[in-house]
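2 protein chains.
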Amino acid sequence: MNKIDQKIKVKRAPKRGQYDTETIHRILDRDFLCHVGFIHEDYPVVIPTLYGRLNNQLYLHGSNASRMIKDLKKGIPVSLTVTKVDGLVLARSAFHHSMNYESVVVFGNAEFVDDPSEKLIALKVLSDQIIQNRWEEVREPNEKEMKATTVLKISLDKASAKIRKGGPVDDKDDYALSVWAGEIPISQKYGLPIPDELMDSEIKVPSSVNKIMKGLEK
Amino acid sequence: MNKIDQKIKVKRAPKRGQYDTETIHRILDRDFLCHVGFIHEDYPVVIPTLYGRLNNQLYLHGSNASRMIKDLKKGIPVSLTVTKVDGLVLARSAFHHSMNYESVVVFGNAEFVDDPSEKLIALKVLSDQIIQNRWEEVREPNEKEMKATTVLKISLDKASAKIRKGGPVDDKDDYALSVWAGEIPISQKYGLPIPDELMDSEIKVPSSVNKIMKGLEK
Numbered sequence: 001m002n003k004i005d006q007k008i009k010v011k012r013a014p015k016r017g018q019y020d021t022e023t024i025h026r027i028l029d030r031d032f033l034c035h036v037g038f039i040h041e042d043y044p045v046v047i048p049t050l051y052g053r054l055n056n057q058l059y060l061h062g063s064n065a066s067r068m069i070k071d072l073k074k075g076i077p078v079s080l081t082v083t084k085v086d087g088l089v090l091a092r093s094a095f096h097h098s099m100n101y102e103s104v105v106v107f108g109n110a111e112f113v114d115d116p117s118e119k120l121i122a123l124k125v126l127s128d129q130i131i132q133n134r135w136e137e138v139r140e141p142n143e144k145e146m147k148a149t150t151v152l153k154i155s156l157d158k159a160s161a162k163i164r165k166g167g168p169v170d171d172k173d174d175y176a177l178s179v180w181a182g183e184i185p186i187s188q189k190y191g192l193p194i195p196d197e198l199m200d201s202e203i204k205v206p207s208s209v210n211k212i213m214k215g216l217e218k
Numbered sequence: 219m220n221k222i223d224q225k226i227k228v229k230r231a232p233k234r235g236q237y238d239t240e241t242i243h244r245i246l247d248r249d250f251l252c253h254v255g256f257i258h259e260d261y262p263v264v265i266p267t268l269y270g271r272l273n274n275q276l277y278l279h280g281s282n283a284s285r286m287i288k289d290l291k292k293g294i295p296v297s298l299t300v301t302k303v304d305g306l307v308l309a310r311s312a313f314h315h316s317m318n319y320e321s322v323v324v325f326g327n328a329e330f331v332d333d334p335s336e337k338l339i340a341l342k343v344l345s346d347q348i349i350q351n352r353w354e355e356v357r358e359p360n361e362k363e364m365k366a367t368t369v370l371k372i373s374l375d376k377a378s379a380k381i382r383k384g385g386p387v388d389d390k391d392d393y394a395l396s397v398w399a400g401e402i403p404i405s406q407k408y409g410l411p412i413p414d415e416l417m418d419s420e421i422k423v424p425s426s427v428n429k430i431m432k433g434l435e436k
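Protein chains in written order, with this note's numbering: chain H, 1 to 218; chain B, 219 to 436.
Note that these hints are calculated values from the structure, not bench results. One or more of the hints may lead you astray.
Unchecked claim - Only part of the chain B face toward chain H is listed, based on derived beta-carbon distances under 10 Å:
(1) G235
(2) Q236
(3) V263
(4) L306
(5) G385
Think of the CB as a built atom: it goes at the ideal place given N, C-alpha and C, for glycine as much as any other residue.
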């Protein structure tokens, strides 16, 4: 194993480690926000940013002027993490309290997307990751906007997932304690859409929004 | 300004930058999960972990065997980020789509908490950050558990916040388009508590759980 292969191995609680592509894609498709880590002038920096998945790669985008985008464009090493918290796990002892979650950690190097047609596809993928088919309802980017935006891609070849689910696991003796134990599920929900005040009130909520409102979470 | 002072300045969209302690504490108190970035063998690593805030510092904890804990204990530079997504911002153009969010980025070096009484306080602070007063309902850590756990602290002296809120801001000409625009709020909610199957069903849901169920989000 080279250095990177070692790195993606789940070290703590290795039985929670998952490496199959299907699991990694499924977890990534539950969210649209990742935390990107990179080294800037010898210091680690962690920045929240949007992503979109297409096949076995992620697209990122940002303003040409973004420090993160400028750094990542150089092809420096990147660590990218997505975490979905699914619940609190309340045990009988403080020590055995835990969280239910699914997370993915990706190691790699960003690659600059230069080809205009791939760049446009990437921007639609990023849009679809947040809200499917919104892209078809709005004005597409014009030349000036395309020029102001940088798109990068990162392969998912070096990714691993970590999952914890289920109830608490207590020390044998603690099961006799008269302490409530169990799980408290956590999920994300959408509130009712708030129309822009500057919009003609005759314009109806579009199908892209209706669709995510029907789903329970992204 | 030294290197770190430069680093905490919000670079992109500087008008979204906030630096006052009150704002930083308020955002940190909305959550309990952060993403910690550090450099391991020349590579950036980003790991999700729990935190607890006490005054102007954050406590982290983990198993003595955790790679992250072992690395951070050495006092290496750390970047720690907390992000709360508050909504989707749907504009009339693809380009002006955005997110409402509040985030905090902390730069610093972790400090090992050696003193047993501070260590115990830190563990209660971490517990309270997730679910207030749960600590008083459960068995406290025994000596073996205390020994197996490492507690670290990071000062909030080098922290900055970034906030976006409100509706979309479109290009002047686009306001004439017949496209729905507005915000879709996103929040976290707790589901109904799931009691541990191995628990005496006579044991009632405790006040700590009832309290978070009444709140709309953490």
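Hints and how they fare:
1. G235: With a minimum Cβ separation of about 13 Å from chain H (threshold 10 Å), the hint on B/G235 is violated.
2. Q236: Violated. Min distance 15 Å.
3. V263: holds (5 Å)
4. L306: The hint holds - B/L306 has a Cβ within 10 Å of chain H, the shortest such distance being about 6 Å.
5. G385: holds (5 Å)
When each numbered hint is compared with the structure, violations occur for hints 1, 2.
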